[in-house]
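Using the hints, position chain B against chain A.
Residue numbers (my numbering), protein chains in the order written: chain A, 1 to 701; chain B, 1 to 182.
Just so you know, the hints here were simulated from the structure itself, not pulled from any lab data. In this text the structure is predicted, and so the values were computed from the model without any measurement. Among the clues, some could well be false.
A few chain A residues that don't get close to chain B, going by computed Cβ distances all over 12 Å [claimed, not checked]:
1. M38
2. D336
3. E675
List time: in silico DSSO-like cross-link candidates among lysine-lysine, alpha-carbon distance up to 30 Å [as the list claims (entries may be wrong)]:
4. A/K650 with A/K555
5. B/K22 with B/K87
6. A/K224 with A/K642
7. A/K549 with A/K606
8. A/K37 with B/K87
9. B/K173 with A/K37
10. B/K87 with A/K59
11. A/K27 with B/K167
12. A/K34 with B/K167
13. A/K502 with A/K457
No residue lacks a Cβ here, since even glycine has one placed at the ideal position from N, Cα and C.
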Amino acid sequence: MEEKKREEYIEEKKAEQNLQQNIQEEKTEDQDEKTEKMLREQAEDIVVPDSLLPEEIEKRLMEQEKRKKKKLRRRIASVAAAACLCLAVGIPGYMLITEQDRERSPAGAEETSSETTAASSSETASAASQDSLLATAEDYDEIYEYVQAEKEYWDDVSYGMEESASDSGSNAGGSSASSMSAYDSAAATGTKSASESASGEEYSDTNVREEGVGEGDIVKTDGKNIYIVSGERIHIVGTGNAQMEQLAQIEVEEGGEPSEVYAQDGILVVVYTKTEYNDGENGYDGFYRQYTCADIYDVSSPENPEKAGEVSQSGYFNTMRIRDGYVYILSGFYADSAAARDDQAAYIPEVQGKLIAADSIYMPQNRMGNSYTVISSFALDDPEERTDSKAVFGNTGICYVSTENIYITESVYEESDSSVNQTSVRKVAYGDGKLEGAGQTKVDGILNDSFSIDEYKGNLRLVTTVTRRSAQPDRDIELFSSEQTEEQTESNSLYVLDENLKVIGEIRDLAEDESVYSARFMGDTGYFVTFRQIDPLFSVDLSDPENPKILGELKIPGFSDYLHPYGEGLLLGIGMDVDESGTTTEGAKLSMFDISDPSDVKEKHKYVIEGMYSTDVYDYRSVFADVEKNLFGFSAYGDSQKYYIFSYDKNDGFQPELERTLGTYGNTRGLYIGELFYLVSGNTVEAYTLDGFEKVDDIVL
Amino acid sequence: MYDQGNGTEPDLIRLAKQGDVKAFSRLYSEIYVELYKFALYTTRHTQDAEDAVSETVMTAWEKLGQLRKEESFRNWMFTILNNQCRKILRKRGREPVLEQPEEKGIGRSEAPVTEPDHAQRYEVREAFYALEEEERMILAFSIFAGYQSDEIGKMLECSPATVRSRKSRALGKLRRLLENAV
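If we strip away everything but chain A, and leave its shape as in the complex, we get:
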């Protein structure tokens, strides 16, 4: 009896204690919140030192950029001096290089360039074509090791970062080619952007990178309707009747963010990224996971879109391509380097909820990596029947898709075994929905965008900007600044790789101290623009892939961000006009180059839109260009965003057809169906006559 009471008493006491503890915990949480709030409030009046104010920082960076330019000039001079010494010693191999050099007709300004070529070629290994096979993973364990290796590497780098803070980098007009995604890549032959709809009306398709390879975008048309991504919705706007009408709206799954749509033959593909939060095992180790999903709709009756299927894969959306009725979706997946080995879903990507098999995962060259490009394909008319999926291990930079191959590139910085930045290229062959790893390689320098990489007759051509670091101390330079001991020089290279990604032809050390701003390969000829202060437009003869030759070099102020073939013997450049010091932009600039003789390219006409400080042409899909109709359009930004349409006259130059101030800043697309031009901006669509550009209709969504 006594015993029993005692037990009861203990039980009661325990319960009470638990209760107290819970109350205590809640109290602590409460208190914690209050304390945090107090700390935040107490810090509110902290005054930031003047030296850290944005305008002061801006001044300092400007100063530094100026200094760097001076130093780079000095640097080149001293390299040249060293190179002369080398030449005096006389190594036979140089003959060949200087020979090549003569052919590129350097302008007077670079009297040092041939010597520089000799010097740097001897000290740098040529574009490595190491083990060019693309190996698949042995098992998930191997992948786990790679992920861990990557983590350790970056831990080291970020600790060591400060030490080398001033050495490298993409600065001042410098390597604008960082590892941006496929989104800003681009190319388009553009001349054939028109298609015909079922109703027989001509309409314009998205300005694509590669003729014959379809792309998704935020606005698409099938010649009858316009499909518009707007926030979390897809609007279907009918153009068939006298006035535009909103036919339907599609919403994606909650929490999904639509990226792009693609419309063809009564089918609409809506691609979106979905983020899922997983609570983890004990409620504390939660994490976010992203999936790229595609919903496929039957829009044969656009008022009632019917869902016909849905697919998903790990990672955030990168890009999509369509060829021969198959859709290829590329996403980027990050492995969680903190994951335990047995938590495979944290570091192996999934397709349709299933882990990709190890033998479908291609491994990187460096034995480390923490991200993948996931590629999967499905047929437009049978979406749920996945035809193939592969993951290419390694970071994703610019993706370029030719009619037969997907090239995934990655910029590599700070490799200990190389004094230059590099680009790794991984090639995956595709066709009829099937994917097959084909090879990989690495070249010196980095790509500007996807127009800097181009496949033609089985060969791959690349133009890169090479930043070379040299760690040796240089007295000459120390006079300028005490804090920097490492120096960098920029130059540009062009490579021709065969189908096995072996370098078969190259030109190196072009345009010292400048970097590529835009490029366009057109069959046997390539054009590219480099920029520092003036804009040389280089033309390259690639008809003999093993022996590419610089044909000509046109120097004009400013630069072109985007090049578009504009019919017989003409190349359109859209970019910026820059004053002579090379620092201030004076407006957006249009150039029409006469390329009828590639060895003697001329700027035939130019047109400056004053007061504009940038354009949206870096995303080639935002450019509207129809050479047959002799019209092109794009947005420029100044005090407001404006959409421009121009035509071109061989004698009178550029003719403004439309200048429309847009209400908001944002993505804008232009397209035509039949006789009308549609301008889609924000949530409005305006219709203009193609002939004369008179506004005839508008609709607010």
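Chain B alone, transformed into the frame defined by chain A:
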């Protein structure tokens, strides 16, 4: 359509990567106050904080090419700043707890003594400075960088659960320090 037009972060990053100082400065202007506060609370010295932010900015400008597209500028800056602060703390080596931090350094930015609740504010900061380095880091990440436990865990290489418990412990310690001071 997304408002990804000019002036949004991806655009500014793109421009900055091309060498546009103004674009970079606009990105910086959004976060510099928090960067400085973070550095001040972690290093405990105005001069060190100034140096840390300054170095961070220069490093970021030089290394902007390494900023991956899907990474936010803000997170990236805080990652660099965190390393700068740790480096400064390592350099300074083991130091006595609770020195008079505000008296050091040239760039004194403390409010004048006449400010009414200055005393209290001073105490709070002093108490904060008395915390251990990791505790300061965790709180600074949470308060000035707005990081969640899992993000802090990634930075400091421990599990979110550990971050939570250490954070709570640090806040408790701070309260006790303040109580004792009164």
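- Message: Are any of the numbered hints broken by this structure? If so, which, sorted upward?
- Response: 1 and 2
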